[in-house]
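Residue numbers (our numbering), protein chains in the order written: chain A, 1 to 575; chain B, 1 to 499.
Don't read these hints as lab results, they were simulated from the structure. Certain hints may be false.
Listed next, with one range per pair, are the computed distances between beta-carbon atoms [stated by the list, open to error]: (1) A:Arg138 <-> B:Pro482: 40 to 48 Å; (2) B:Leu295 <-> A:Val40: 45 to 53 Å; (3) B:Pro431 <-> A:Val249: 41 to 49 Å.
Which bits of chain B does chain A cover? Going by a derived footprint, with three or more residues having C-beta under 8 Å, they are [as the list claims (entries may be wrong)]: (4) 81 to 93; (5) 428 to 442.
Glycine is no exception: its CB is placed at the ideal position from the N, C-alpha and C atoms.
Here are the chains, one letter per residue:
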Amino acid sequence: VTVLAWLLPVAVPLVAALVALGPWRIRGWLLSLSALPALVLGVAGPPTADVEFDWVAMGGRLALDGPSRLLLVGTAALWTAGGVFARRRPGPQGGFAPLFLLAMAGNVGLLLAADAVTFYALFSLMTIAGYGLVVHERSAAALRAGRVYIALAVAGEMAIFTGLVLAVSAAGTSELAALGPAIAGSDQRDLTIGLLLAGFGVKAGVVPLHLWLPLAHPAAPVPASAVLSGAMIKAGLVGWLRVLPVGEVALPGWSTFVIAAGLLTAFAGVAIGLTQRDAKVNLAYSSVSQMGIITVLVGTALGEPDAAPLAVAGAATYALHHGFAKASLFLGVGLIRTEADPRRHRLLLAGLSLAAVSLAGLPLTSGALAKYAMKDSIGLLPSGTAGLVTVALAFAAAGTTLLMGRLLLLVRRPVDDGPPAPEQAALLVPWAALLVAVAVAGWVVPGAVLDVSLPTWSAAVLWDGTWPVLVGATLLAAGTGLWRRWGVAVPAIPAGDLVVPVEAAGQAARTAWRRRVTPLAEVVAVRGRALRERAYLAVLPGGEVDRLDVRLTRWRVAGVLFVGLGAVLAVLLTG
Amino acid sequence: VTWSATLPMLLLATSLVPAVLIFILPEHRSVERLVLNLGGAVVKVVLASLLVLGVFAGQEYEWRTAFLPGVDFVLRVDAVPLLFVFLSALLWLTTTVYAIGYLRHDRNHARFFGFFSLCVTATVGIALAGNLVTFLLFYELLTITTYPLIVHRGTDAARAGGRAYLLYTVTGGAVLLVGIAWLHGVAGPVEFGDTAAMAALADRDPATARGIFALLIAGLGVKAALVPLHGWLPRAMVAPAPVSALLHAVAVVKAGVYGIVRVVYDLFGLPTADQLGVLVPLSIVAAVTIVYGSLRALVQDDLKRRLAYSTVSQLSYIVLGAAVVGFLSTTAGLVHLVHQGIMKVTLFYCAGNVQEALGVSRISQMSGVGRRMPLTMAAFTVAALGMVGIPPTVGFITKWYLGMGAMEASEHWVLAVLLTSSILNAAYFLPIVGRAWFRPPDPAWVDRPPRRGRFELNGWLFLPPLATGASVLVLGVLAGHPLSPLSWAAFIAEELFAP
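Okay, chain B solo, but in the shape it has when bound:
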């Protein structure tokens, strides 16, 4: 067993091992738990960085073992998976810090952090999966491990949200399973990256290929919250803030979108998918989702609900990027995997912090919050402006590339979708920002005494949004740097479009 084969497994182990140990540890051993959580997260970031350097240098990493008859269990590190792994590793680290702060007065830490680590294990597994069966394995694992996190509070609302979540995702998983089974029936085991197999199938039997594509996308579309399969996402926002943050930025919804990206690029391949004519319906679904999500977000007064609908909308930028054929829109879609993650995670951290410090969860009560919590709201403002697409944030980079990609592919209607959605984004984000900074404090919280001490609230909660909020700006300004997500996405797109 070589280093290059163990590295993918090690990457999984950095969260799987802590998960098991945390389950075993008694509830009161909080110091050990903290060390396990943070240690695992830091080691994962280090490993992911090593992998980045390796993949840049052309190294290949693969773990393969026999699984089902004729089907291998494959973990492979490539450029596309790595983008997702790196995002997960970094945001898992910040979210772990945040969760430690958020739940410090809570019980059931062992349960929470155990499943939390399992959830990340599943996400990394999804990222590295080298074929559909491996992907499905981790995809279902993710479904199950996220449920306890969503219902963590144990309230009626939490359980109802959790039920809706299970209802949707389990059904989605079943549809995905059917699609994968059908695919294996007609084409045998197909690995990601082996687009020739699907091209052959598409030549032989285009109807079947289209049917398989439709089933796979429908199955993945549940987690990716494509309209009309998005119903679970706004309900699942009853979860504690760190879970929502992870759910909306990296773990669950990203798994769905990432799956769609892999199906389009690494299973069918853009030329085949284009030739089958399945990308146009996909881009229409994405466009409808973008606009519909924004429209729904507009009328929500609950901050987390508004953010949830915003996620519905923003995720489909990635899908849209994948569905429009061209170098620039591919770059835009891939880079938005990262960009949407850091923006949305920041927004959820801030929403959680405002709730934690002032007990405010409604937008109508957020007047004047900026005066009380200036740095938290500064991070929120930067991320919100990013969502609207104001330069030099990362959100602008995405929208610019999507727009240019639409022009490159001569899909001018995409530009209109982009415009509509940006206006709607402004209409539902800017009022929050304006209210927080320029209105007098709301009576709902003004009587709460300000916290004494250096920070606006507990440092574990206070610092993560500042870090991610700063990165929204820094990664946007330095988008031209060779190590930026944009350069990484362009690197992938170049490989995809290389003749």
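For reference, chain A alone in the conformation it holds in the complex:
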């Protein structure tokens, strides 16, 4: 029975994916129920435990500890929410349900995996199935997003593969728990860390590896965007925390680098996101920014072994909070964009605002709790760094407020002639349930699983959480005022920012190649052929003889090649 409880979270979505290929009309149920075994295991499973399967691949092990339980609960809940929303959505193209379920199996499973091979297998499953979710609409934009997604994903997978090979061979075992210490003491320490940081960084969306995120989110159907941002990008974080030598040695260089990358990501996400006119792109950049904030914690854990347990707990808490908030924002935006009824529109706007202020970290929201959970570990950094990071994170929160304000402005009016959406009303209930989770989860779940402290709401704590929001709100008001008064608008940056110049460069290179190199190669080939023919004719003129000669010459080519090769190798080897 125990083994079953461990296998079902992965096996149920896998089997459901197969069943969903069939002609039966139960796809909706499969989508919304398949993540429940994972939820049950996360909620009711033993506190820490593991189970081994020696018959899979090179031996597989599943295990659960505090932080991964937290993420498992959040992930399973989000996939359930996404599944409920996906069942109502009649898609013109097939294939959504099976791919959604495969990605679910991978995402849930990688949280349980305790050995490198199982982890990598499930991570890849999620990545590959995720491509299908991104290109589901089959539009030109979706296919382009898919191209960028898969190119970065494959590069990431390869980096992870190499990093894992290095780590596992250093450790002599594929147990994930053994990899961190092994990397810490390995000769290839920096190479391994660099590969793993970059490989998982693609998934986590760290600048400049974030390029796929702002393209993929608007292209994918709303439920897919919700799980992509809410759950799947967290897999990158999980990878970092599981494999990197977190808490083993102090790596000040890497720590500074990762913290800097995290802060850059946090601010770049806000800055570029503000220029967007599509609400889903705005949310995608917000996810980039939020992952940057979590990345700062990874950097902290790499720098201060003592801070690692706190940082890991903080990162898991923040990931849970962000997952719920971002998923409800995506699903809410999906609803509000087709909502023509003013009353329901107001209701949706209110719900979105709740999730938005939670993301900004207004006191008493779960966002504030998550931000508070980060503080302890950051406080353990060298005092100068700690102060700098704290201030930077506060400004990042101000930026988040600004970005969320912009989002609400983007969707503030009901659409005049949106397509009729009869399923709209029925979805309000699950969405409201998700909002309850946004409000409550931060208060209940982390404390039940992890050793994280709830804040005592002193004046100082309240003020620390409030002023960034106030700054953000002021900036928003000022910006809106500027725009109203003088029409100063933000310059538009295309979604996917750096993708655009990269694509242009690629195109230019291709054109140049076609224009310059291809004709040149052709000229060389033609000239060469002519020369060779002239040479044959010089030796043996005449039709029949010539043809024979051509054949003989071909023979000779092969023969000479062989004798030559043999001779060269022999000379090389004896010398």
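Fit chain B to the given chain A structure using the hints.
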């Protein structure tokens, strides 16, 4: 004559006897031909399974008879040969089923299936050969019997492909012959497994030993499609799909690679080869081949041509595994003999099926094929992901072991080769998969009416790729099972590295 001596001969007879009978049978006796083909294939699988059990139990099987003065004709069943025999037996069975379906509207069945069976006989002979002379005998037989299969269509292109094939392989065979003659001149008859003889030669005269090694590898390298000796392989893809499948997975190219494996492990022995310093050049050739093949595959629009260049690349994983000294890379190389076979056979079956059902042979016309032929493309997808090395397919198992082997041997550059090749594999396989599933149907085939009936196309054609495609996944997931190819390869490697 004992059971253990006749068994190797019986293994040959299961395809030799059908071959002879098929040649004798008149063309129209198709039922009898079918029974002979399938019967032989099934009996061969049963015999191979018996041998597996026997060898696991420590039994020895050998057939020996005087052949040339001082040289015996030896067939011996060992752990290494058995890996190849088992692969050949299984894939011959599926390919026979496939070929029956593929050629059902064709003429010249007697000729085709006769040579087809001879081709497998030669392959099994190569597998079981106990010394180089026996090996060469079957190696040349394979060269000759494959030619009629490649030119089966009789078109100009087919004949041109066949000519290129003969040109290369006959020359390669000649070089191999010279190498073997030289070896016999300086060391007398040497049997596989008797590595002491070569060790002695290497001590006495390392230059000669290196020269012999170079000649043997150059001769075998033609069939193994080592760059720059690979030119025949992409041209030979004009052959009918079942022939391509067999050619790229088991018969011809594998014979070359298998020969290299035997020369390295069972003739010279790893320590001797390492001491001679011949493994480093070999691993460099393999690495160049891996990358070059992938680069060439990238620019092909013809599906079978792309698959052909992919074979060039993938085969050298086996050579690379053999050339890097260590337990893990030995395991990786040996197991890839099997893994590459089942992946590539699946890809060629699927390519043939798409051509057969929709008349599509160019990748640029494959848009939307997945909607029309979902199960065929599912099998293709699994095999293609395997080639890229995505877990839990067998391709991943190979790459993981190769990577770990590179680390074990401290040959870190191998890891870079692996990485480059995996990225290239992804770059030329994933676009096919993406196009087939996520693009609207191509005008080139969209007007063809879908086939009525249970299957996407004739069952003889439809089922083999599903079976082999499933095995790409199952053998990967169950790689830890004691009867998996991985366990078998590790068993061999353990014996090789036993002190």
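| query | Which hint numbers does the structure go against, in order from smallest to largest? | reply | 4
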